[in-house]
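The two chains are supplied separately, each in an independent frame; assemble them into the complex guided by the hints.
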Amino acid sequence: MTQPAIFFEEVNERQGTFHRRTVILGAFAGLGVGALCARLAYLQLFETQRYEKMASSNQFNFKLLPAPRGMIVDRNGAVLAANRPNFRLMVARDKGVDPEATLHTLAEFVPLDEARQRRLLKDINSAPKRAPVQVMEDMSWEQFSAISVREPELPGVTADMGEVRVYPYGGAFAHVIGYVAKVNREDVDNAGPSPDPIMLHPSFRIGKQGVEKAFDAELRGKAGAQKVEVDANGRQVREDPQGDIPATPGKTIELTLDIDVQLRAEEVFGAESGAAVVMDVRNGDLLCLFSGPSFDANKFVRGLTGAEYRALSGYDHKPLFNKALTATYPPGSTFKTMVALSALENGYDPKTVHVCTGHWFFGRTWKCDQVHGAQDMHNAIATSCDIYFYQTALAIGPDKIADTARKFGLGEIFDIGIPGQKKGLVPDTAYKARRFPKDPKWHPGETPSMGIGQGYTNLNPLQLCVMTSRIANGEKALHPRLIRSIGGVEQKSGAAWGDLPVDKGHLHFVREAMAAVTTGIGTAARVSDLGLGPIKMAGKTGTAQAYSYGAGRGVHGTAGAWKLRDHAWFVAFAPYDDPRYAISVLVEHGGFGASAAAPRAREIMRTVLLKDPEVMKRVETVTPMPPAPDEAPAATPTDPGAKV
Amino acid sequence: MTVSALTRPGERDRLIVKLAELDWVFVLVLSLIAGAGALMLFSIAGSSWTPWAAAHVARFGICLLLMIALAMIDIRVWFALAYPVYGLGLLLLVAVEAVGDVRLGAQRWLSIGSFSFQPSEVMKLGIVLALARLYHGVSAERARLSWWLLVPALMIGVPVLLVAHQPDLGTAMLIALTGGAIVMLAGLSWKVIGAALAGALAVIPPFVMFGMHEYQRQRVLTFLDPESDPSGSGYHILQSMIALGSGGLLGKGYGLGSQSQLNFLPEKQTDFIFATLAEEFGFVGCVSLLVLYAAAIFMALRTSYLSHSHFGRLAAAGVTATFTLYVLINGAMVMGLAPVVGVPMPMLSYGGTVMLTVMIGFGLVQSVRVHRYAEVTSGKGSFV
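Sequence lines, in order, name chains L and A. Using the working numbering, the first residue of the first sequence is number 1, and each one after it goes up by one. Using the working numbering, the first residue of the second sequence is number 1, and each one after it goes up by one.
In case anyone wonders, no lab produced these hints; they're calculated from the structure. Just so we're clear, the structure is a prediction, and the values are computed from it rather than from any experiment. Backbone N, C-alpha and C fix where the C-beta goes; we use that ideal spot for every residue, glycine too. A portion of the hints provided could be inaccurate.
If you want a taste of the chain A side facing chain L, the calculated C-beta under 10 Å gives, among others [to be verified]:
(1) A186
(2) L249
(3) S258
(4) F264
(5) S304
Take a look, some chain A residues computed to stay more than 12 Å from chain L by CB distance [claimed, not checked]:
(6) V17
(7) L28
(8) S31
(9) L66
(10) R76
(11) L81
(12) V85
(13) V94
(14) M173
(15) A176
(16) P205
(17) Q216
(18) E279
One chain only, chain A, in its complex shape (with noise of 0.2 Å):
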């Protein structure tokens, strides 16, 4: 078989070609990583399956399933339900404003039976797909420089806001950040780009001091210095460090993790667990575990740069930039570079809803990999 099945309808609707398509590379990567994962969760509930390690290893599983699923199905479909799924998850960001349950003092979940969820998550795929809708139809002077910017820009700032307001700042940024890179890519004038990274740059100072939520502008303050409360609003971060820096080169072997082990770090098993990671492997484990994730992130964008469709490369290349944003926050966190928020590691962290939506993101990459050539009719530019 090869690629040039996929230029001739009707066989490259088989799914046994769909599936020789996919990116086999990409999935042992993630394989790599959630098993990377699965090796720390295990290690750190004292060489135990219970309570995460098994739990992950088969969240991973059936998540990985969905993905291929998600890949099988065709790019157009995709296409019609872009504006659907980023109204769904406006519609439940506004439901969770109203009805959402509080927990840890932030309104983010929403209840259905015993079922709860963030609804969040839908709009960091919502936000994506919807962007590329928008764009796939766009010409490019338009998408350059022009007053019909408004419309993306209301698009991306109305979910943030809803989400900010929760308040979830982290995903707010996330969803912004994701948003501003499809906007990029797009075609943004470099004039717009350097004047709102200026404006955000003039922003961020008095919104920490005067539009944050106390809790909010202490994590950053501690970023800043966190030694200087050790044991209050600093203690995660310099823990992590600890952790991270005690590692040395090789780290203290498996299991062997004394900060971790003991309890000193907290949210090991989720947010901290790069810094569990770094502890017990070291600078070459750490490193190792970047390079996968480099790689994950490089054979997405290569997708996008592939698809034909410019829906195809914008949505391609908007999960990539989530996926991205969550390594580099996360990283950053872990390391003292930026203030804890609540972003996890990607498939390294214990958790199902992170895992879910970058899984179905995945899905979405393979998607537009397998139906590169596929013509996306509806609307304008499908070969434009």
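Just chain L, with the same shape it has in the complex (with noise of 0.2 Å):
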């Protein structure tokens, strides 16, 4: 710009020091400008890497995925349990959200009566900001729809589908499988220093019995994660399904159980208290663990109400106890079979007779149910004379019983996946010494009542089924099998555990006389009909006196109260020719073993027998069992210790 020329070059101090102070605030502004053009280059090129790191961190969150829990399926494949979809209802706490009348727009597709919605509204106004409240589950397909449309109008509203554990047979399982629940404090204690933050996710629930709980860790799977793109309020504003980390889903559990028969004995218990357990006697495979009166387990994953949890574990008959592992009772007339075994194998010729006459006097008399004259080894089984167990338990004497008993799984607990079994007992002296340090001695007067299966003897009815595996085998000491397989994995067999360390002749004997037993003469004659032609079963009878031994009078039959009823036994191998399947029956306060027990254990055993193709093969016609007579032989209310 050219400058007219009447405006000469002034000399004017004011305006020089003007020019060149607006220089120095120009280069100012200039090195304030350039100042944060460093600055930036700083941030934006040499810690951008940084800053990315942290703003990718403001902008995703990764939300937790619950991995679909594993299925528990029986030895073909029938599903016991399994998830089912659930479609919940949740409102959460949030600016711009009136918790109030959001629940009143909600009761006009949903089910909320004003009480309900009143409690809802508290616990919404005390749970923390956008956690959610669950207000309804299982809502209908309809509901659910019609809400899930409504939800952009609905603020702090969602509609999701969970997952919820399912139990398709309700009670005839759930001591086994057990159920799962809520996470509470305890379950995070134990779950060690860090534990699974999937714990706290609100839909998780975690095994708390039985199968469920023992194999928690196999069945709960590995939780994923779906990563969702957040604004600063943490509202989800989408998805980024690429990267999602898939959840690994727990693995499926197959038990040696099956369905058929363990709904048979669910069946057959009726409202009995007891359980029933059936085992492969060639691999040990459990094919029912039965334990009644049972819980439907569904109820247990919704959660109990105080009343309903009162009514189950106040009830007498004890639905919430696994009674095939928990429970222990006098075997009775059951153990008869291990005094003859174990006199057998110590020399003891079972030729030998003794006369019972109803009495017997050893320091007080011993009494018998009945007059069964004489009486050899073979006979006294099939009877379940008493008299001859009294007098070939003294000649033996109580640690060898105890020994060969302990040979065929009595008083031993068993691993089979689930916890609670109880070891029961099979005394000897050394318990004796042990236990009563004020009255150590085993006195002969003892050795009696334990030839009969009473006294200290208690066992629980898992034991006296392995038991009679082991006797219908005849070659491997067997173990019980529940979980036969983990997400494919086939688990040890229950025929690997090594050799029954006892003579087969021996063993062929007990074998005949127990075939005895649901013939002619036998206990259990009348009530041991298979129906099956030619496949018969074999088995012994069992009466244990429930009420404490020499302290009051116990109940025969089914007089008297239920608590003072003695517990009736049955146990029992079949085909008696080719055995197969092995089977205790233990009904608690259930009166006769003959009369309570046996007819419910041929009810069970033909149902395993019928499911068995090869068996089948032998078997001509299938008729009706012949109908068991209500009770047993009319029995004297005798000596407490007098079992049949």
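Given below as structure tokens:
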């Protein structure tokens, strides 16, 4: 720009200073802008990776995705525990959300009465901001879709699909499979120093009993993560399916149980209390492990009300208790098989005859239910003569009997995968010395009652089934197996635990005697016909005194208070000439073994055999089983130690 | 038409001559900056003209017309209005002290009917005009070092203290620094400048510790270490730096800045709009914008350089100093170099008040340019 001539170069101090200082001001401004550029270069060119990381950790969140819980199936693949979709409705407190109005609106679509709305409102207001509170679950598809389409207009409301555990057979498998339930404080504490974060997920359920608990880690699988973009308020903006980490589903657990057998057991027990265990005598597979009465595991998943829980825990038939494993009872006359085997193993001549007059004096008068007359060991087993076994036991002594009993798995805890087994007791002189320091000596008078499975002897139904299986198998020291495979990996066979160190001839003798129990003069002759032609069952009855020995009067049969009645036992194997399956049935306070336990065992065993094609090849026609008499031979209430 | 037309009285008063004399490149630069602002406001509203971008463009249009209109006003009118504007500003500051609205914990707003504004904005212009008017009639010796300097010191000090008491430390600082810049440009002795700087440096730390409100102190301390409290008081600065840093060389792309689009960046449409731009356009975009600002500063400064009246020089330079301070303070704040003070990026940030203030100021600058040969006769030193 040319300056007009009339404005000559002024020598003006103020102007000169101003011009110099303007340059300084300009330089200062330039310096400032330059400094900003330098700072930008530092942040945007050198530190950019660090800030990119921070930006993306702002932007993306990972939401835990629970893995589908592994299924539990029976030996044929029938589903015993699975997951079903569950449509849930949740409301969260947030900015711009009026929970009261929201609930009011929701009540138009789902049943929410005033009282429930009030309670939910309290829950929502006390929950942390944006933490969803479940308003409803198990909505119908119609309800779910009605709310789903309105979700954009209903801030704070989410309707989603979760999974919930379902047990299609309710009670039949409840004791074996257990159930899952909400995680509580204890579960988190037990999970160690760094619990799986999925445990804090509101929809996560943890195994609380049985297989669900014992194999929780396998069934749980590995939680995945869903990558979501969130805004500064933590609201989900969109999903990023590419960034998802898929969940690893839990493993399928295959049990050795057979659903038909188990359901039949549930059926035949009805309201009775007791347990039934069926084992394959060739490999130890448990086809049935039932305890009755049972409970509906599905209710535990949902959460029991206080009243429901009190009803279950207060009932004297103890439905929450797995009687097949946890409860021990005197084995009664079923134990005579052990006494006989012990006698044979120790050189006792089975031809030895004792005469039963109904009484026998040894320190006091010991009684028998009947007058059996002169009997050898075979017949004494068949008729379950107490007089014979008082004397046999006395001749052998407690330590040798106990030694034999232990070879058959009595008093042993087996690793079948699920917890809760009770060891029971097979007494010997060492036990007496240990347990009763004031009276450590085993008195000869204590031996006769051991000979008939009373006294200190206490066993659980699983152990008696193992015993019967080993007698029937004759070769192997079978172990029971409940878990057939985990995630397709076959578990150790029950036949792979070594041999049974007992003379084969002696075992054959006992099997023959057990066959006699179910025929002719035997105690269970009239209740053991399977209706399967040549396929017969061999067994042993037991009626065990429930009320404490020598301290009061027990009740024989079904007369008197339930609590005081005898426990009924029946152990059996079939087919008796080619053993494949063994069973033990306990009916708690059921009365006589022959009347309460044996008919039930027969029903269950028939179901097992009907499912075995090789057994069925031998059967020409299946006939209905002849009806069992209502009551075993009328009993004369006598000495509480004397049993059928 | 030539520049010489401006030298001929009569001809230079013609409107067409004046309009031609406007710095149209400067207008273009301002439009580019405001356009960039509108672009970012459109982006952060989720590609929407509402609520910000359209209003921003409209305001800028009105303000630009206002600026041109003000540029047409004779410099002598500005000269005559200098003290009245300052006086009005002072009056309003006293009024706000007495009856002002309390918003966000500070008494800054004055409502007249449904219209509310911050009187401190009037003072930003008033201080420039009044000091330029004052120095217009003062000799170089007095302006350099004399007891007379107490007069400008008082003129700066009173409004600064009033604004600081609201409390609005950002604006108080801005007024103080603008006033200081004019006093410096008018020829203050370097000795005094050095002493004042040393004094300020000595006073700041104790003032921060004992003279500030708790939230102000917190801001300063957080600025020194923003990551010490990332979710609390350090949140603004940290999120802003994340937005900037993650932008990288070329940015994340228009409309794709996660920090601003997902609301992690607070005040994204006002004080922190520069961070939004930095995130989406990166280093290249930021430097381009800063070059535009530097150009505007340079052009405004040049206008003051060319003025033949001392009032014109000082007034234009004063406005430029205010503008420069806006840019530098906001830039430093967004980049984590200064504590969070409520100073927006002029023309870029959404907000009418600051845009109006700045554009009125530029109206004055353009008036100085158009009337750079005019004789400002009142008082001493029109051509001296």
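Hints, one by one, checked against the model:
1. A186: With a minimum Cβ separation of about 7 Å from chain L (threshold 10 Å), the hint on A186 (chain A) holds.
2. L249: Cβ of L249 (chain A) sits 6 Å from chain L, so the hint holds.
3. S258: 4 Å, holds
4. F264: 4 Å, holds
5. S304: Cβ of S304 (chain A) sits 6 Å from chain L, so the hint holds.
6. V17: Given a closest Cβ separation of 14 Å, the condition holds.
7. L28: The claim stands: L28 (chain A) keeps its Cβ more than 12 Å from every Cβ of chain L (closest is about 18 Å).
8. S31: 20 Å, holds
9. L66: 25 Å, holds
10. R76: 18 Å, holds
11. L81: Given a closest Cβ separation of 22 Å, the condition holds.
12. V85: Holds, because the least Cβ-Cβ distance between V85 (chain A) and chain L comes to about 22 Å, which exceeds 12 Å.
13. V94: With a cut-off of 12 Å, V94 (chain A) remains clear of chain L, as the shortest Cβ separation is near 31 Å.
14. M173: The claim holds: M173 (chain A) sits with its nearest Cβ about 15 Å from chain L, beyond 12 Å.
15. A176: 16 Å, holds
16. P205: 22 Å, holds
17. Q216: Non-interface label stands for Q216 (chain A): nearest chain L Cβ at 23 Å, farther than 12 Å.
18. E279: The claim is violated: E279 (chain A) sits with its nearest Cβ about 8 Å from chain L, within 12 Å.
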